[in-house]
Amino acid sequence: MQKGKYYGKFGGCYIPEILVATFEELIDEFNKIKNDKQFQEDYQNLMSTFSCRPTPLYFAENLTKHFNGAKIYIKREDLNHTGSHKLNNVMGQGLLIKRMGKTRVIAETGAGQHGVATATMAAKFGLDCTIYMGEVDVMRQRPNVFWMEQLGATVVPVCEGSRTLKDAINEAFRDWVANMDDTHYALGTACGPAPFPEMVTFFQSIIGKETHKQIINFENKLPTKVFACVGGGSNAMGIFSGFLDDKEVELVGVEAGGNGIETAQHAARLASDDASIGIAQGYKTYFLQNSDGQMNETHSVAAGLDYVGVSPILSNLSETGRVRFEAINDEEAIEALSLAVKKEGIVPAMESAHAFGQAFKEAKNSSSDEIIIINQSGRGDKDIFTIADAFKDEKWEKFIKFKAEGYNA
Amino acid sequence: MQKGKYYGKFGGCYIPEILVATFEELIDEFNKIKNDKQFQEDYQNLMSTFSCRPTPLYFAENLTKHFNGAKIYIKREDLNHTGSHKLNNVMGQGLLIKRMGKTRVIAETGAGQHGVATATMAAKFGLDCTIYMGEVDVMRQRPNVFWMEQLGATVVPVCEGSRTLKDAINEAFRDWVANMDDTHYALGTACGPAPFPEMVTFFQSIIGKETHKQIINFENKLPTKVFACVGGGSNAMGIFSGFLDDKEVELVGVEAGGNGIETAQHAARLASDDASIGIAQGYKTYFLQNSDGQMNETHSVAAGLDYVGVSPILSNLSETGRVRFEAINDEEAIEALSLAVKKEGIVPAMESAHAFGQAFKEAKNSSSDEIIIINQSGRGDKDIFTIADAFKDEKWEKFIKFKAEGYNA
Amino acid sequence: MLKDYINEKRQKKDILLMTHIVIGYPNIQTSYEIIDSMVKAGVDLIELQIPFSEPMADGPVILHANQKALANGITVQECMEFAENIAQKYDIPFLFMSYYNILFKYGLKTFISKMKEIGLYGAIVPDIPPEEGEEYISLMKKNNLAPIYIFSPSTTDDRMKFVQAQSDGFIYSVARKGVTGANTEFSQDLDEYIERCNKSTDLPIALGFGVKSKEDIEYLSGKVDIAVIGSEIIRIIDNGKLSDIEKFIKQIGISK
Amino acid sequence: MLKDYINEKRQKKDILLMTHIVIGYPNIQTSYEIIDSMVKAGVDLIELQIPFSEPMADGPVILHANQKALANGITVQECMEFAENIAQKYDIPFLFMSYYNILFKYGLKTFISKMKEIGLYGAIVPDIPPEEGEEYISLMKKNNLAPIYIFSPSTTDDRMKFVQAQSDGFIYSVARKGVTGANTEFSQDLDEYIERCNKSTDLPIALGFGVKSKEDIEYLSGKVDIAVIGSEIIRIIDNGKLSDIEKFIKQIGISK
Ligand SMILES: Cc1ncc(COP(=O)(O)O)c(C=O)c1O
Ligand SMILES: Cc1ncc(COP(=O)(O)O)c(C=O)c1O
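If you read the sequences in order, they're chains A, B, C and D.
My numbering puts the first residue of the first sequence at 1, with every later residue one more than the last.
My numbering puts the first residue of the second sequence at 1, with every later residue one more than the last.
My numbering puts the first residue of the third sequence at 1, with every later residue one more than the last.
My numbering puts the first residue of the fourth sequence at 1, with every later residue one more than the last.
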């Protein structure tokens with residue numbers, strides 16, 4: 001095995017011995033497809049009929065007028081089949097799985113979007129599928145759990161640790177080390193041991209490539225700023241990839257501020273001073289951990305951002321200054337979501353709403369010849385229980401009570 | 001006013017005197033845009049950034065193999081923003097509303113998809129919005145009600161009559177006759193008084209136009225059969241429009257067989273012998289009515305198909321024999337949905353599942369050089385409560401009870 | 001002949017009163033009693049609404065009455081018998097009010113012959129605009145029945161001329177936008193509209209939608225020929241005492 | 001020197017026994033008592049696991065022990081003190097087992113010096129493959145500590161040669177795929193694998209994952225140098241009686 005790929009001092013491949021052969025095969029296969037035109041074509045055909053790629057870049061005229069500052073564009077990853085950018089990565093890994101001849105796929109999921117995407121890919125490719133999901137996330141993203149099961153996947157609630165994304169990742173690795181012969185672990189974000197950060201970024205970079213073309217097409221110039229929420233970092237790396245070389249484009253990663261980064265309840269690894277470098281879940285990056293190296297509990301209203309680590313590529317881009325990191329807290333995200341819904345008729349996922357929140361803050365104070373792009377990584381349908389609770393929607397509560405009575409009868 | 005447009009003996013414009021001026025204005029405006037290239041361009045730009053038109057035509061390889069008969073293609077209207085074909089019509093009417101200078105829009109909705117689409121359009125175009133929805137439908141499509149409200153619309157549950165789609169239409173008309181000065185009634189399907197059947201078909205015909213191009217592109221020949229579910233008839237007219245002149249293409253409209261067309265609990269107007277010609281809700285068509293002309297109660301698991309009337313255009317195409325009509329009952333639809341989910345990783349709306357059900361029946365007995373296209377009019381996310389109940393999903397019930405306990409506490 | 005009846009009566013009264021019932025609401029027996037009260041109270045014309053399951057132009061009060069009557073099992077045949085009985089018994093004109101599907105399903109020709117046969121004077125069918133109603137109008141007129149058409153505040157002068165030419169008996173002029181049963185403001189706007197109505201036709205004008213008090217009728221007196229009271233009477237029925245109907249009508253009625 | 005200890009002991013015993021504890025589970029006091037029982041029962045080496053919040057390679061039994069210990073508030077500092085105390089008290093080799101982040105956050109150099117200072121013999125760190133572990137390996141070796149590396153059934157012959165060259169003390173050979181704590185089938189497949197392990201290195205071989213009975217150890221006896229018992233002992237602790245540990249180890253132990 002080679003040493004895992006590093007980005008500055010971040011990355012690497014910290015895996016148990018039992019997985020070494022599996023990783024060698026994976027890296028080998030990934031290297032083969034990276035520059036394979038036929039693979040690219042197959043992938044793009046798949047994404048343009050199974051999903052609706054290229055996804056639109058949408059000019060948010062009303063929000064632009066509302067803030068009376070920069071022109072606001074929105075990249076519509078929410079329109080993807082299964083409702084988020086997660087499908088881009090999963091379908092790519094799905095094609096790899098077929099090439100490797102494996103018959104089973106496992107995945108972790110936080111928001112459930114990666115789980116639904118993986119279960120969907122498994123249904124399409126005829127693979128067995130098991131999804132690990134923290135028990136806390138099972139509760140807050142129930143509709144997605146339901147759909148995964150309908151798609152034929154087994155959803156395993158993980159009751160260990162903080163019962164969120166990181167614990168689901170651990171469990172998925174535990175499954176993998178026992179079943180790697182027939183099983184691929186389709187990691188859902190640009191984290192984990194090499195080659196995952198690179199590979200997930202590679203598949204997600206389709207977002208940035210399209211966006212670059214689209215904005216030039218609309219405006220004949222580059223955007224001033226690009227905003228993306230950062231859980232593990234896959235949607236952010238996806239859209240940032242299209243602009244990394246354009247130094248004049250400011251890239252802004254938005255993390256979960258939870259109850260505020262001045263409290264301990266947040267998941268801001270790069271936007272706060274609370275994280276430090278560590279090695280866990282197979283890679284080296286900034287983690288929210290204590291001085292002993294034990295991972296902290298994190299908090300976010302958005303399950304998909306509620307994670308202790310972050311893409312090693314982003315940790316590096318943070319250190320080099322190429323990407324600026326900000327945090328938006330729960331309340332701000334919900335407010336931003338509500339504004340986007342009411343002004344434009346689009347429903348961002350709770351995760352995406354964080355990117356909206358930060359973009360809104362900055363749009364106000366920009367001039368009208370600036371252009372802002374927000375990556376709408378997903379749609380909010382899955383968040384109905386969370387949003388209803390956030391808004392204390394009485395009719396919803398009444399409806400749920402009514403349904404429950406029916407079930408109790 | 002002119003006599004309303006007729007299709008054979010069906011159609012017309014049976015409206016109260018108070019609406020005559022409003023309809024004159026509407027017809028006038030519609031005639032202006034019908035052949036206006038600029039409008040077409042505006043409309044297509046809007047649909048390609050606010051939604052993701054053209055929506056893909058997807059080759060369902062697994063279902064094809066499963067039935068070992070005709071090649072099965074699926075037109076992916078489910079990928080539209082807001083989750084169904086309904087947006088095509090609503091955005092078109094939205095542009096008309098702006099031209100007419102009205103500031104408020106009202107709509108009826110059955111499945112809630114047209115309501116969500118209308119509320120979305122209203123948010124985007126800055127219009128006040130009221131949605132009428134039968135109380136029965138409010139119950140079975142609760143997630144959509146929630147989103148309409150988040151989008152800023154007022155949802156009025158209609159407790160009259162059968163408390164489904166037809167009653168919502170009546171209530172919308174009652175609102176309209178009081179408020180037509182500033183209000184447009186965006187009817188959601190190819191029914192109602194002229195010019196609605198023509199106008200809704202006009203906006204939905206984008207489905208058929210795209211599909212025609214796409215199938216020629218993929219197969220270099222026309223499909224053998226095209227299947228669409230028929231509630232009011234808008235998605236069916238939308239896709240059929242692309243093939244009406246191609247006599248060799250068989251068009252199949254699939255109605256709701258409910259508990260079976262041999263029972264009284266169904267909504268098969270053209271596929272059963274239970275309907276007769278009548279005039280109600282502003283137009284002449286086949287209605288499920290008794291010998292006195294009173295409308296019957298209908299039944300379908302799919303709220304969007306649970307309607308007494310049907311597009312006058314389809315009534316005519318049924319009489320001329322151009323379109324064949326079939327009925328799929330509740331159970332068959334649920335089974336078809338489940339098969340589509342598990343085999344292809346797509347989640348049709350309960351309505352669309354009826355088209356799938358009939359297509360599956362016929363795919364089995366066709367030869368491999370035949371091509372079948374199914375219009376997937378929408379996605380099933382909205383149907384989570386219905387599907388969970390149909391499958392008696394215990395985990396879902398447990399979750400709902402848990403949530404209810406939280407609300408009761 | 002309906003027109004003649006109205007003009008004649010108007011010699012004796014500043015304004016006539018037309019009332020409305022939904023046949024079979026709350027039940028057929030009570031419907032007979034209501035008609036009896038109305039005639040005794042001196043009502044000049046009565047609209048008999050044949051219930052329809054989709055009464056699109058009616059507001060909640062009449063809508064519920066339609067639904068209740070249907071739920072009780074009323075049929076069109078029973079409505080015909082009811083109409084026949086009262087038309088024979090009482091010496092004032094009765095009109096059918098319903099939606100077009102009722103006529104259509106009965107068979108337009110048969111329905112209209114039947115109307116003639118049982119002695120009705122005409123019909124008000126709000127969802128059959130003249131443009132769609134050629135056959136209806138010609139059959140009605142052939143049978144000497146009045147196809148009563150409607151003016152609304154949004155009807156242009158030109159269209160009023162067109163509509164009244166199709167109509168007979170009188171013009172039913174709706175006082176405002178909206179459905180039956182809501183309040184109407186009896187103000188100057190209304191006066192202007194009534195003036196427009198009167199100018200565009202020689203037919204008598206009946207004004208309805210929201211008429212419900214002695215003051216309303218006094219206000220309309222001299223301006224239109226007929227005041228129409230619809231939902232208000234159903235409200236009285238709903239509040240329980242049938243004897244209130246006669247009292248109410250007498251109280252609001254005006255004799256010359 | 002760890003290797004020498006093992007080879008020496010093997011002169012006297014067909015197979016050595018290595019046991020495992022999670023420091024601080026169920027609490028630090030009991031941990032002392034467990035070690036005492038183990039040593040008294042004649043265990044040859046002991047792995048001391050410093051709890052980590054993300055023990056990716058451990059199955060449910062050890063995972064829960066990690067979490068419980070952390071929930072009780074155990075710190076790395078306390079683990080060091082614990083290790084120091086027992087290393088001074090008992091005359092067998094103690095090894096640390098943990099995940100790399102624990103060493104990394106402590107400061108790799110400091111951690112390793114500290115290990116040396118308190119008298120440990122080496123460490124098993126399952127998530128630092130040799131490719132990523134250059135610094136770790138060289139610091140360990142510089143301090144005469146054994147960086148114990150792992151063979152697995154999926155490790156190729158070539159790779160075994162590479163891995164054993166980085167390792168010292170012994171090779172920890174995992175008996176099967178998967179995490180700690182599940183069952184292992186002691187069958188012919190295993191024999192072939194063990195043979196591969198022995199062929200590829202001169203270091204002693206410790207076999208772990210799923211060893212839990214006298215039969216297992218008898219089976220392994222003569223084939224490998226050390227049998228490792230991990231989860232099974234925690235299961236005994238969980239079932240309540242501490243005194244069972246000594247009984248259990250004595251019952252399964254083999255002397256020459
Ligand atoms: C809609 C959506 N956006 C963002 C994320 C965060 O993941 P990442 O940072 O990898 O894009 C998730 C994760 O589940 C998600 O579902
Ligand atoms: C997804 C979907 N499909 C089909 C229909 C039926 O309507 P139509 O027949 O007008 O397409 C509805 C109606 O709400 C719908 O939501």
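For the record, the hints were derived by calculation from the structure and aren't laboratory data.
Remember, predicted model here, so these are calculated numbers, not experimental data.
Where is the CB? At the ideal position from N, CA and C, for every residue including glycine.
Careful, some of the hints might be misleading.
[Unchecked claim] Pairwise CB distance ranges (calculated):
1) B:Leu244 to C:Asn7: 49 to 57 angstroms
2) D:Pro60 to A:Gln2: 26 to 34 angstroms
3) C:Lys247 to B:Cys159: 51 to 59 angstroms
4) B:Gly321 to C:Gly240: 51 to 59 angstroms
[What the hints assert, rightly or not] In silico EDC-like pairs for lysine to aspartate or glutamate, Cα to Cα no more than 16 angstroms straight-line:
5) A:Lys398 to B:Glu135
6) A:Lys361 to A:Glu332
7) B:Lys9 to C:Glu134
8) A:Lys401 to B:Glu397
9) A:Lys342 to B:Glu397
10) B:Lys5 to C:Glu131
11) B:Lys401 to A:Glu405
12) B:Lys395 to A:Glu332
13) B:Lys395 to A:Asp292
14) D:Lys114 to A:Glu297
15) A:Lys3 to D:Glu131
16) A:Lys221 to A:Asp245
17) B:Lys398 to A:Glu332
18) B:Lys392 to A:Glu149
19) A:Lys343 to B:Glu319
20) B:Lys343 to A:Glu149
21) B:Lys398 to A:Glu149
22) A:Lys9 to D:Glu134
23) B:Lys343 to A:Asp128
24) B:Lys3 to C:Glu131
25) B:Lys9 to B:Glu248
26) B:Lys401 to A:Glu397
27) B:Lys342 to A:Glu332
28) C:Lys177 to B:Asp182
29) A:Lys398 to B:Asp128
30) A:Lys392 to B:Glu149
31) B:Lys342 to A:Asp128
32) B:Lys398 to A:Glu135
33) B:Lys3 to C:Glu135
34) B:Lys98 to B:Asp182
Which of the numbered hints above does this structure break? Failing hints, ascending: 3, 9, 12, 13, 14, 17, 19, 25, 27, 29.
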